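Peer 1: Take a look at the letters that make up each chain.
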Amino acid sequence: MKPQARPMFDARSVPGDLCPIATVPNPMRPGDWRSMRPVVDRQKCVKCAVCWLYCPVQCIVEKPAWFDIGYATCKGCGICAQECPQRAISMIPEAAA
Amino acid sequence: MAFQPVKFYQTGTFTVGNRLLAPEERSVQADMARINSLNSGHRACQGCGEALGARYAIDAAMRSTGNRLIAANATGCLEVFSTPYPETSWQIPWIHSVFGNAAAVATGIAAALKVKGHAEVRVVAQGGDGGTTDIGFGCLSGMFERNDDVLYICYDNEAYMNTGVQRSSATPPGARTATTMAVGPQPGNCFGQGKDLPRIAMAHGIPYVATATVADLRDLEYKVARAMSFHGARYLHILVPCPVGWGHGSHETIRIARLARETGLFPVFEAEDGEVTGVSKIRKPVPVEEYLRPQKRFAHLFGRPPRIDIIAGLQEIADRNIRRYGLLDSTD
Chain A
19 MKPQARPMFD ARSVPGDLCP IATVPNPMRP GDWRSMRPVV DRQKCVKCAV CWLYCPVQCI
79 VEKPAWFDIG YATCKGCGIC AQECPQRAIS MIPEAAA
Chain B
333 MAFQPVKFYQ TGTFTVGNRL LAPEERSVQA DMARINSLNS GHRACQGCGE ALGARYAIDA
393 AMRSTGNRLI AANATGCLEV FSTPYPETSW QIPWIHSVFG NAAAVATGIA AALKVKGHAE
453 VRVVAQGGDG GTTDIGFGCL SGMFERNDDV LYICYDNEAY MNTGVQRSSA TPPGARTATT
513 MAVGPQPGNC FGQGKDLPRI AMAHGIPYVA TATVADLRDL EYKVARAMSF HGARYLHILV
573 PCPVGWGHGS HETIRIARLA RETGLFPVFE AEDGEVTGVS KIRKPVPVEE YLRPQKRFAH
633 LFGRPPRIDI IAGLQEIADR NIRRYGLLDS TD
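Just so you know, the protein sequences line up as chains A and B, in that order.
When we follow the numbering used here, the leftmost residue of the first sequence carries the number 19, and every step to the right adds one.
When we follow the numbering used here, the leftmost residue of the second sequence carries the number 333, and every step to the right adds one.
None of these hints come from the bench; they were simulated from the model.
Since we're looking at a predicted model, the values are computed, not measured.
C-beta atoms are modelled at their ideal positions from N, C-alpha and C, and glycine is treated no differently.
Any given hint could be a false lead.
[What the hints assert, rightly or not] Heads up, incomplete: computed chain A residues facing chain B, CB under 8 Å, no partners named:
(1) 43
(2) 82
(3) 94
Chain A extracted, bound-state conformation (with noise of 0.2 Å):
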């Protein structure tokens, strides 16, 4: 997981009269929806992170020279490799990964 600069919403700091809150930060991990699954290709990245403005699961994860993905909230919609002004995502059938 990416790191948080703040820590998740603490729970315990709602009284328990109060009403009922919806505490539990989703745990959800849709990378299974994915049919197809995008791979960066690390020779054309160069770092100019519109894959990570873009994607709307924040599933792009920087690395020292490149960006990847990150396939545990990936659901495999395909904007990086649209956008990518490289072409250097190409989304490749999850079956054949």
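Put chain B on the given structure of chain A with help from the hints.
Peer 2: Relative to the frame of chain A, chain B by itself:
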């Protein structure tokens, strides 16, 4: 060192990656210390524009208020995918009431904060286009009229996507939804031309009204920061394509939003006190067919025979927007 040629493809984005900018010019999302208000792990569909737009808008609002922000949320996709009880993806104080009264709840929060002397805590109300243009419109208009200190953000995906793509009053003409099927002499949405809520908000004379799309996220962040610099009722209308309801590929969300702006069907502008103060110019207007063709909700317009009259009507709306807001870049 061997020279390695680097080829850039024109993907339509003019977003420069954060690594090339000075730190103060970088986007909120480039900051590792950002609040990350809408955490990953939510149940939004693949390629959801609303999840992207909501995270940018709320993160930018959190930064400009110094993390002192309360959000009220109308029922809709955004509320349903982010908070199935007892789980939540929000890392901010967040309240969901019912479908139509997000503006009223936010008004109440703002009033309570004022009474308690917490002037530094700001309030955001957010909802989809159904909860804004249809059901919550009375509350929203009242909020504008009283000029309560609330920023209302509408994520416009042009139908009730959460309940199965029913027509809303923001649905464009000719679009197929579950309640306006592509049958008969007037296929698709045969009612009106879509409610133009930004102009209705401008008519209230509130301090700030703006529109944005998820294709230009820096513009979106700028507009949220600009809105938070005002006090009083403010309105931000964000176009968020919905791959499920609009029937385009999940990878095309950003491209469709960009085409909506470049055709003129969705004018991107900002207005202060009812006067338009800035527009996002279109470099080269795109015919509306390019925007309509990738979307299955408009597929019946390109069937046999094609409904050239409806396409021409949509083109007329785009041309009218271009004229009305002066969207064309006259320097070219």
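Peer 1: Does each hint fit the structure? Answer for all of them.
Peer 2: Outcome of the hint check:
no.	hint	result
1	43	holds (6 Å)
2	82	violated (13 Å)
3	94	holds (6 Å)
Hint violations for this structure: number 2 only, all remaining hints satisfied.
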